[in-house]
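Novice: Here is how the chains run, residue by residue.
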Amino acid sequence: MKRIGVFICHCGINIAKTVDVEALTEEIKKYPGVEHAENYKYMCSDPGQNLVIDAIKEQKLDAVVVAACSPTLHENTFRNASERGGLNRYVCEMANIREHCSWVHDDKTVATKKASLIIKTIVEKVKYDEPLEPIQVNVTKRALVIGGGIAGIQAALDIANAGVETILVEKGPSIGGRMAQLSETFPTLDCSQCILTPKMVEVSQHKKIKLIAYSEVEDVEGSVGNFKVKIKRKAAYVDQAKCTGCGICYEKCPIKVDSEFEEGLGKRKAIYTPFPQAVPNKPIIDTEHCTFFLKPGKCKVCQIVCPVQAVDFEQQDEILEEEVGAIVVATGYDIYEPEKLKEYGYGTIPDVITSMQFERLLSASGPTVGDVRRVSDGKEPKRIVFIQCAGSRDKENHLEYCSKICCMYTAKHALLYKHRVHDGEAIIFYIDVRTAGKGYEEFYNRVTDEGATYIRGKVSKVYQDNGKIIVLGADTLSGKQVEVEADMVVLALGMVPTRNSEALVRTLKIQCDANAFLTEAHPKLRPVESNTTGIYLAGAAQGPKDIPEVVAQASGAASKAIAILTQDEITFEPTIAGVDEDLCSGCGICVGVCPYNARELDREEMVIKVVEALCQGCGSCSSACPSGAAQQRNLIDRQIERMVVSALEEN
Amino acid sequence: MRIPYYPGCTLYTKAKPLNTSMHACFSAIGVELAELPHWYCCGTTFTLARDNRMSLIAPLRILAKAQQENGKVLVPCSICYNTLKRANYMLNEDTETLDIINEHLEESYDGNEIVLHPLEFLRENEELIKSKVKKNLKDLKVGCYYGCLLLRPQQEIQFDDAESPTIFENFVSLIGATPIDFPLKVECCGSYLVVTSPDAAIEASYKLLRNAQGNGVDAVVTSCPLCFYNLDALQEKMKKAHPGFKQIPIFYFSQILAIALGVEEKNLGLEQNKVSPYEILKEYDLL
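Heads up: the protein sequence lines correspond to chains A and B, in order.
For the first sequence, our numbering begins at 1 and goes up steadily by one.
For the second sequence, our numbering begins at 652 and goes up steadily by one.
It is worth saying that the hints were derived from the structure and are not from the lab.
Some hints here could point you the wrong way.
[Claimed, not checked] Think about it this way: if two alpha-carbon atoms lie no more than 25 Å apart in a straight line, the pair counts; the simulated DSS-like pairs of lysine-lysine are:
1) B/Lys858 - A/Lys342
2) A/Lys468 - B/Lys858
3) A/Lys127 - A/Lys114
4) A/Lys468 - B/Lys890
5) A/Lys480 - B/Lys858
6) A/Lys230 - A/Lys207
[Stated by the list, open to error] Label pairs and their calculated CB-CB ranges:
7) A/Glu323 - B/Thr746: 51 to 59 Å
8) A/Val369 - B/Gly867: 34 to 42 Å
9) B/Asn776 - A/Thr287: 44 to 52 Å
10) A/Thr519 - B/Ile708: 45 to 53 Å
11) B/Gly867 - A/Lys379: 19 to 27 Å
12) B/Glu747 - A/Gly479: 34 to 42 Å
13) B/Lys723 - A/Ile431: 38 to 46 Å
14) B/Asn787 - A/Val369: 51 to 59 Å
No residue lacks a Cβ here, since even glycine has one placed at the ideal position from N, Cα and C.
All chains, please: the whole structure from these sequences, using the hints.
Specialist: Here is the structure:
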């Protein structure tokens with residue numbers, strides 16, 4: 001029989017005020033198996049821990065129960081102490097008499113009785129606890145970053161700069177993401193491309209980064225330290241190795257298509273790079289518009305003019321298999337669909353445009369080279385109405401949440417417009433102006449100082465009357481209706497997670513919230529980790545945020561990945577579910593209930609095998625197993641049974 | 652075919668032409684409007700406070716009465732339609748209230764009655780209507796004015812998209828006329844303000860009509876008696892306030908349907924329209 005020591009903590013007065021610790025100690029001393037029991041004011045303090053260590057040595061204890069706070073708080077503390085005393089750390093258990101007892105009761109007699117019951121059940125548990133060794137897993141020292149916007153770029157650079165090989169997968173033909181489309185950035189008015197493109201080039205030239213553009217992650221297997229990833233490299237119909245990026249192909253291509261990068265305000269060719277600073281600077285063919293693919297065999301101009309014979313119409317999609325130890329998900333955002341705001345006339349009134357389109361109009365590399373021009377007639381608009389919260393903070397009809405960046409980018413839009421068109425009038429409808437951020441309120445003040453007009457109220461309708469755009473709204477400060485004639489209307493649309501990213505979320509087996517933003521492991525304390533160990537989150541895929549926040553989060557995610565990828569092996573808790581092969585009939589029920597794919601049926605031996613690195617010890621298999629073969633280590637059926645009996649015996 | 656019919660008070664007073672033409676055109680398509688016996692006031696929209704069960708009694712009794720006929724009731728007045736449909740929605744959402752009211756009444760209502768607007772009925776019977784159309788309204792350019800009560804609150808009414816509805820335009824196309832979209836077709840006509848602040852109602856209605864005219868309509872059709880009154884009867888005053896304003900005829904949807912179905916002029920109720928509709932009808936050879 002084990003010699004068990006019980007250590008009861010006062011937790012100052014947190015426990016001692018409601019639990020009679022002296023009486024409790026005397027009571028516990030009498031319980032079968034308990035060789036030693038004592039109490040102390042702060043068991044987690046150094047002298048407290050020394051009490052445990054000394055007792056283990058002097059009383060020759062085989063197991064320890066610490067009756068104190070929740071195991072999430074101090075289990076590690078006391079398991080470390082037990083180790084220092086010479087015990088295996090897994091024969092040390094916590095009995096939670098604070099959160100589960102003293103904090104929730106007033107009556108001292110009742111609380112003392114309950115604390116005694118809690119301790120006794122844990123004493124029963126520890127009687128059957130086995131010494132266990134942590135599970136060690138070798139680490140594949142490579143990272144995968146999914147998404148090549150500023151979040152993915154920053155994460156990839158940080159990981160690579162730590163000396164870890166990094167694969168950066170981007171769905172589109174170039175990295176750069178949304179930030180590449182922006183004109184100037186608030187509050188400093190840095191040119192977005194000027195600060196981004198050097199980072200893009202750094203990615204392409206980094207010895208430790210393998211950039212795989214125009215590709216998508218198809219499948220992910222395995223677990224932290226050892227993920228096996230399948231990446232589909234989509235056929236670009238241009239041999240990336242041969243292509244020099246000279247651009248003759250897209251110069252000569254006769255097909256013009258609305259450019260996605262220019263948000264439909266400019267054109268690109270059927271063979272194209274999205275923008276001149278694209279990385280990689282190698283074109284792809286858009287088969288939906290290319291004449292060769294629409295009328296097989298026709299055109300081929302690009303192939304004829306290519307000086308290095310890089311155009312290859314026979315190219316096929318290709319599956320690349322890679323092994324990595326950690327993954328950063330940075331799949332970014334789209335803007336909310338403006339068509340859903342029917343009252344604002346997007347799509348029917350040509351000069352009602354989105355905030356992203358306005359960015360392109362302001363951009364020095366945009367379709368108007370930075371001149372603000374109307375889409376309909378190319379004239380300079382003299383009055384622009386900006387509608388903030390277009391589709392945001394509208395629980396009934398659209399997005400309930402605040403997208404955080406729209407107040408600031410609209411202020412920036414108004415300012416840049418005033419800089420381009422000096423006699424222009426910028427009128428901004430808003431619900432609130434939210435400027436939390438370093439230098440943001442000061443920026444907003446600058447915008448109002450430079451003459452932007454802010455009207456607090458929502459716009460109810462935008463329509464055309466005799467060719468003029470009429471904006472109907474309310475000024476809720478004066479309580480009046482407002483009617484404004486505008487030359488252009490800009491909808492400040494909210495952020496939504498990149499469309500069609502749900503499949504990737506399912507593949508990665510991570511979670512997302514009701515708005516499809518990726519869910520972090522803890523909203524406060526683990527904001528860059530997903531619920532799956534080894535998969536980290538960065539950027540707007542996790543929630544609306546601006547560039548500095550994205551970059552900070554990306555570096556955070558990178559450092560989490562680096563922490564794993566710079567170790568030779570990582571250790572896991574051994575308290576996972578095993579299989580008693582003598583009892584296992586190979587029915588496979590546990591395979592179906594396991595949420596982590598940690599259980600496999602060995603069809604030759606007809607028994608279940610456990611993939612230890614995947615098992616999270618949730619216990620689903622143990623409760624589903626009809627024969628009792630699936631048992632969670634140190635929480636086997638017999639232990640639970642003894643604990644229940646012990647709890648009921650005294651009543 | 653026979654369908655229970657709830658006219659509501661306005662159709663016997665200010666909106667007689669709506670009642671007359673409803674009967675005329677439904678008879679022309681072979682549908683008998685079975686007016687509910689001993690019907691009374693729907694309670695109108697003000698009473699629909701969620702914390703006042705008393706106000707749901709009148710709608711519930713009307714719905715219970717209608718249910719004895721065949722599970723659907725036709726309600727042409729937008730105000731009655733809105734009241735009955737929202738009351739029905741609330742009673743379905745809150746079955747506790749439904750049970751409590753039922754316990755206190757002789758009638759019993761299970762919440763399953765369908766409140767139908769004539770435009771919905773026409774949408775469900777497109778082929779029937781098409782086969783009965785006798786007159787070609789092809790060139791008549793019609794602006795469809797919805798008002799608010801047919802559309803909002805969207806979740807409770809579920810009549811059409813509240814911001815860009817199309818059921819009215821589809822109806823106009825169905826009978827062969829040309830629907831003209833105008834942006835203010837769902838904006839407020841001024842409603843009851845015509846009693847307390849008539850100038851506000853005059854301005855609101857004037858704005859709608861001017862917008863419709865700017866888009867080239869010959870006439871405006873509507874279904875709500877109150878909208879009809881504001882758009883039609885206030886035009887004299889609009890003219891005083893805005894001398895350049897050119898009057899424009901307003902029709903109930905049922906009047907224009909009756910014309911398409913070839914109903915005799917005496918059954919159209921046109922004589923009560925304040926702005927004379929005869930010139931435009933003669934111009935398009937519809938009389």
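Novice: Run every hint past the structure and note whether it holds.
Specialist: So, going through the hints one by one against the coordinates:
Using a Cα cut-off of 25 Å, the hinted pair B/Lys858 and A/Lys342 holds, with the two alpha carbons roughly 20 Å apart. With a CA separation close to 15 Å, the supplied pair A/Lys468 and B/Lys858 stays within the 25 Å bound. At roughly 20 Å between alpha-carbon atoms, A/Lys127 and A/Lys114 fall within 25 Å of each other, so this suggested pair holds. With a C-alpha separation of about 24 Å, the suggested pair A/Lys468 and B/Lys890 falls inside the 25 Å cut-off, and the hint holds.
Only pairs whose Cα atoms come within 25 Å are accepted, and A/Lys480 paired with B/Lys858 is accepted, the gap being roughly 17 Å. Of the supplied pair hints, the one linking A/Lys230 and A/Lys207 holds, its CA atoms being roughly 22 Å apart against a limit of 25 Å. Between A/Glu323 and B/Thr746 the beta carbon distance is about 58 Å. The supplied range of 51 to 59 Å therefore holds. Taken as a hint, the range 34 to 42 Å holds for the pair A/Val369 and B/Gly867, whose Cβ atoms sit roughly 39 Å apart.
In this structure, B/Asn776 and A/Thr287 meet the distance hint of 44 to 52 Å, their C-beta atoms being roughly 47 Å apart. At about 48 Å, the CB distance of A/Thr519 to B/Ile708 agrees with the hint of 45 to 53 Å. Checked against the hint of 19 to 27 Å, the C-beta distance between B/Gly867 and A/Lys379 comes to roughly 25 Å, which is consistent with it. Between B/Glu747 and A/Gly479, the C-beta spacing of about 39 Å keeps the proposed range 34 to 42 Å intact.
Separated by about 42 Å at the C-beta atoms, B/Lys723 and A/Ile431 satisfy the suggested range of 38 to 46 Å. Checking the proposed 51 to 59 Å range against B/Asn787 and A/Val369 shows it holds: the Cβ atoms sit about 54 Å from each other.
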